[in-house]
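Asks: Spelled out, the chains give:
4 protein chains.
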Amino acid sequence: MGLKGIRTALKVDLNKPAREQKGLHNRWHPDVPSHGTIANNEVVKIECLDWTGGQIQNNDSADDVRDVDLTQIHYLSGPFDVETAEPGDVLLVEIQDVQPFEDQPWGFTGIFTPENGGGFLDEIYPKAAKAIWDFEGIFCSSRHIPHVRFAGLIHPGILGCAPSPEVLAEWNRREGELIATNTTGREVAKPPEPRNVHGGSADEELNVKIGREGARTIPGRPEHGGNCDIKNLSRGSKVYLPVHVPGAKFSVGDLHFSQGDGEISFCGAIEMAGVITLKFTVIKDGMAKMAMKSPIFRPGPVEPQFGPGRYLTFEGFSVDEKGKQHYLDATIAYRQTCLRVIEYLRRYGYDDYQIYLLLSCAPVQGHIAGLVDIPNACTTLGVPMDIFDFDIRPETDAVKMDMGSCAFASINS
Amino acid sequence: MGLKGIRTALKVDLNKPAREQKGLHNRWHPDVPSHGTIANNEVVKIECLDWTGGQIQNNDSADDVRDVDLTQIHYLSGPFDVETAEPGDVLLVEIQDVQPFEDQPWGFTGIFTPENGGGFLDEIYPKAAKAIWDFEGIFCSSRHIPHVRFAGLIHPGILGCAPSPEVLAEWNRREGELIATNTTGREVAKPPEPRNVHGGSADEELNVKIGREGARTIPGRPEHGGNCDIKNLSRGSKVYLPVHVPGAKFSVGDLHFSQGDGEISFCGAIEMAGVITLKFTVIKDGMAKMAMKSPIFRPGPVEPQFGPGRYLTFEGFSVDEKGKQHYLDATIAYRQTCLRVIEYLRRYGYDDYQIYLLLSCAPVQGHIAGLVDIPNACTTLGVPMDIFDFDIRPETDAVKMDMGSCAFASINS
Amino acid sequence: MGLKGIRTALKVDLNKPAREQKGLHNRWHPDVPSHGTIANNEVVKIECLDWTGGQIQNNDSADDVRDVDLTQIHYLSGPFDVETAEPGDVLLVEIQDVQPFEDQPWGFTGIFTPENGGGFLDEIYPKAAKAIWDFEGIFCSSRHIPHVRFAGLIHPGILGCAPSPEVLAEWNRREGELIATNTTGREVAKPPEPRNVHGGSADEELNVKIGREGARTIPGRPEHGGNCDIKNLSRGSKVYLPVHVPGAKFSVGDLHFSQGDGEISFCGAIEMAGVITLKFTVIKDGMAKMAMKSPIFRPGPVEPQFGPGRYLTFEGFSVDEKGKQHYLDATIAYRQTCLRVIEYLRRYGYDDYQIYLLLSCAPVQGHIAGLVDIPNACTTLGVPMDIFDFDIRPETDAVKMDMGSCAFASINS
Amino acid sequence: MGLKGIRTALKVDLNKPAREQKGLHNRWHPDVPSHGTIANNEVVKIECLDWTGGQIQNNDSADDVRDVDLTQIHYLSGPFDVETAEPGDVLLVEIQDVQPFEDQPWGFTGIFTPENGGGFLDEIYPKAAKAIWDFEGIFCSSRHIPHVRFAGLIHPGILGCAPSPEVLAEWNRREGELIATNTTGREVAKPPEPRNVHGGSADEELNVKIGREGARTIPGRPEHGGNCDIKNLSRGSKVYLPVHVPGAKFSVGDLHFSQGDGEISFCGAIEMAGVITLKFTVIKDGMAKMAMKSPIFRPGPVEPQFGPGRYLTFEGFSVDEKGKQHYLDATIAYRQTCLRVIEYLRRYGYDDYQIYLLLSCAPVQGHIAGLVDIPNACTTLGVPMDIFDFDIRPETDAVKMDMGSCAFASINS
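Residue numbers (full-length UniProt numbering), protein chains in the order written: chain A, 1 to 413; chain B, 1 to 413; chain C, 1 to 413; chain D, 1 to 413.
Because the hints were derived from the structure by calculation, they are not lab data. Be careful, since some hints might not be right.
Since the list gives no way to pick out one identical chain from another, each pair is judged satisfied if it fits inside one copy or across any two copies.
[Stated by the list, open to error] In silico BS3-like pairs for lysine-lysine, Cα to Cα no more than 27 Å straight-line: (1) K16 <-> K289; (2) K322 <-> K127; (3) K324 <-> K209; (4) K324 <-> K284.
Looking at chain A on its own, in the form it has when it is part of the complex:
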């Protein structure tokens, strides 16, 4: 009678290379062996490494960000079989809590170079940079971005069930087609990559197969969610996930202490290692019942609330910085909106990289405002004024302060 504590379905070892831990894997593939079974309606804790598997240090140089090996990431925890789950079911995952490790109360936000990962504004801000965030309970602050402090909207960046062979083949088909027809001069998608594949407890032969066929953990995909980077999947959320293989083979990772809509600097969340508490419930035949093609969720009731009137909101339109008119392009519009914020906050003494980092990880609200008045898409970006310890209202004159610097790389490759 009474709980003795919640079972931990996976413990990770922060002092051991991620690739040597059998409960982790870094590709989506139906054949990655299960790392244990979870009962229907069970609550478990699952430990997770940060998305790089420990490649980033708590220091003042961004050399580590510049040199991150992206063939390795993300190390996900799992996959776990959930009892009774079958293809066509929906797996209801309730996110009951997310916490950093008690003895590692810090995280990081990074700006990647265009050569290695890139980011939403990398043509304008091509240097590698980094901010370290210290956690004080539910709050975080950074020596690299002074005068800012906020409560984290803590969440996992990645969660989802394994693809079936058919779903995986479709992913490889359509992303391969994009790569094949690419004329942009930049990397447009990440094909299967045999280097540094880690198939959990797969034997060598299976590991090779997973490397050859397995989908990368970048990006999120409609059939299962995966790396969706939705900041609102925080404490208390209920996520409804399509099941494609027997047992569901659920994986989770890439924990974020906080993130802004868009996660614009790519490694834009406050990335951390930690523990997630989840409850699993199988809804039989859920995909047909809910007409579900992509995940659905309900946020929890405890999101930080600033009040609608405490957001300073910026508008952006699909005219790029060279004056070129684009057609209803919300991506371009959101890029412009981000630039408007940078121009505004720069007046207080921040350098642009600090703001770029901040916009990526603070709980900013990025909305699609209008998408039908040709040719301009309009997007908005709401910055909660209360994350600053000074007054950023437009009617108050901006006073330049000494804002120090974020961490940069010694040489930007």
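Position chains B, C and D relative to chain A; hints supplied.
Replies: Okay, now just chains B, C and D, sitting in the frame of chain A:
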């Protein structure tokens, strides 16, 4: 001592053709004559027609939507000179209230054909359709979309200051370039249109000039906002607008009783005629002080609040309905997100056009979730569950109901 | 097809004495003649005078407050018969909107002398005082309390159905008993008062009876709500009211542009004349079905939201200002809490009467925190910091400003 | 560089009697020896026992509740000296997090008999009863109150600085006076109690003195807060506490996973042992600067938000259940409001004790609505409908369910 009522800066006549009313105009041009002067710090009421200038009727046919003459719209109220405003200033406009006319408590939402206006999903839903909404205080409901009722997030779809000749020329240049290079087979922008131009109190010669050069009121534009269709510009908002001409020449119109993020069906808001109460304050040299290129705003404190946990939120990614992978395209992702909602709500007996209309006008939250995990942009669309009078939670079985029909056109052209 | 405007069930005349208007009455009595019938599920507008029936002027003297004739108030609109309503039913009243009259955009807050009405802090603040509030859309501000501005949480102070003869008799019994045993030296309840009774369209004989038996409109009472002064009965609220007589005989009045929890200065709300839009639905046998003895309500979704972290909250305990310990007395505790706020805000230059007025009418949150740790009740009072245009956070030094004065009476009787 | 984890200023031992742990104490007295020093601006973790020091078991009998030894409680953690704090300063305590112990994820709510502790409704509900709550991340549920589940508004019930000798003398004077003049027939306050006093590391002589003079930890008191039981002192709150002795001698304890306004069943919160993370900042001369007599606080931004329209709110007035009219008595009014909720929820099959427990610990909102309309105080109690997994709206017929039972004592003493 004490107020005797707020001055009405413009009265409109609902029974007189819009084109005959001198306080209205339907193009953006620096030379549209001012319709009176507003003092710095003054509060005024301004009456507005609906965006079509009265072309839509409260009936059960969408023939009027199908046949709307888009060369005429939008009829804006103004322009008004604001005392002391000069180019380079910022005009702070506080939206103190928006109300429908007391004796006309209804509005409409329309789906336009691809041949005339189109919409975000017009390839899939090409028919003209309409829903009439009845206003009961702050709430609205529609005989064309049963079992739905919600409080309006009332706001103006269009507000802004007149462009300078230079700004206008730039608009015409870049939009003209888009038109000139268009290979999409569909209309991509709206060039100046001499037909049906209404320059307010302009004489005939000036009217011709305005028709030749004046920018259309579709779309919004970064330099002044204009037709930005931001649902959160509601009661209590403070909007900071760039001033480009002496006196600012402020105009407003296109009142919406409610709108969802994206306004996806084009005439997607609940369109209405009514009265807006505004306070005007000039911030001298504000554009330089705030480093402002596009409008900024702060929402008011009274937005309808459902609680974060009362949204059912759908995910969408930049893979289109034919399985084609697009590169970080938030517009495609949002289209997919909308389709996911339609598939979900269809199970209750709504037809797709009803849902398309509903998504356009109910206060749905459209967020840009992730924009950096190549190649998939991820967007979310949160539907407030409390706008329905039945339970739409995924764990409750969907029961099909008789949902009647929205209004369709007799023949879809 | 379609609405032509909502029916106005009662128009009031601001230029005619309240006592001469047949749609008004100022006592609760089952025999007050009905002023028309409302259909089940009908939406109507009802005009209301301010609670004094026009005794207060928009000027800078509180003589009118000092001299208010309390035998006359409140002039309520109604009563209205609602079709099909019978004793034992519940009348669901949805408050769809509340608005001040367009040509009378102002209201007042008053402090009454102990000799005439009194107030929560009248032993400490015995002078008559007044603040006039100007309405600008949803906002209000006062020349008598500078540097403050907020959105109104607009609501009716009084609404309810008529008592049955039995209910009325019980009211007179129990309140009479309190009066009969009163040893406090102050007025403790208001017995029936024949002077200035206004029974609507009652003939003289009936009017006399109503004066002899009818319950005063001060206070609210458990059996029907009445003068409950609940600030959250604002736009969008659904109120469930017990029905005691055939037709329900519903009345409403005492409109408030805003009020704080407790309405502490007695005439503490921002009192106004205006229009309320209501929808009426009869729930048959509702009292038994809901086990209802007193009204229940659900607030609407549009209350001003400041965010939980934007309240500065004060604690108070049931030890009075003379150091006397009281036993779990929440009334004493709340009085102390109010005094703590006055002491705090006084530092900015406000005089105590200004703060007393402000606490009465601004949307302050008064909570019962703890009621069981003998002998101290603990209450809290949360002041939304964003109603001030200066920074009231405790970590910011208070700077005294010239705050002018509220209106006082020439001689305090 | 970088944090290695936050220092734990006090560890408690759950397997050792509370009275043997030197970092705990159970009286307020200036001479309780300090248990270590905290730097100005330091963040520390402090472990706390539950308020009974471990007297309650996770089982299905309320015998332990019935027999709790109230001379022992509360065991507080501390006192801690804060560097530089002097009498007259204000100690700003930021509550950065509160967590239950990981291996003890449960808590309890109790109803005490009138003979031992009592409660707000003990005349009506005199039996000892108990509910055990299981914690699943941020949520809790109870086998003793089925169909209910909610996110905890986690907070400390007690925090404060030690009284000076003068303050302590005043407490003893005024509470002694209340006891001396008590004619109610029930215990009205708790005088100093030598039995079971635990003065932390005090030697025997000092312990005797503390027992003779020290103030009990029931109730909260205006001069320092203490046992204030304010549910909103949750994560992210900033509390401003008066300092009365050198070093402040801060203590904290009585952690609550959740509580409703009023904590009506006395042991009404969900009581638990756990860890609190606090940041301490000394504001020199703060009491004079802030005109502070009692604590002030700002809630944090992460309180569970249900949306204003998701509360079902009950009204209560100061007429007691025997029909007696009381004069502006908010305590009586709140008692009536609680009874109205019990009558309402009973219809679903809950017994009254279950509802009494639930109202005590769920995040219900207890407001003082009106306090000036003689003779009725009006209070409201808002129940968040979303804590139930069934529909409690009034328009839905109540269906009785099998709700099991809370834990009762075998014999109620």
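Asks: Is it within a copy, between copies, both, or neither that the alpha carbon of K16 lies no farther than 27 Å from that of K289?
Replies: For K16 and K289, the Cα distance exceeds 27 Å both inside one copy (44 Å) and across copies (52 Å).
Asks: Indicate which option fits the pair K322, K127 if close means a Cα-Cα distance not exceeding 27 Å: within, between, both or neither.
Replies: Within. Shortest intra-copy distance 21 Å satisfies the 27 Å Cα cut-off; inter-copy 37 Å does not.
Asks: Is it within a copy, between copies, both, or neither that the alpha carbon of K324 lies no farther than 27 Å from that of K284?
Replies: For K324 and K284, neither the intra-copy (50 Å) nor the inter-copy (30 Å) Cα distance is at most 27 Å.
Asks: Please work out whether the CA atoms of K324 and K209 approach to 27 Å or closer within one copy, between two copies, in both situations, or in neither?
Replies: between (45 Å within a copy, 26 Å between copies)
Of the numbered hints stated above, those contradicted by the structure are hints 1, 4, listed in ascending order.
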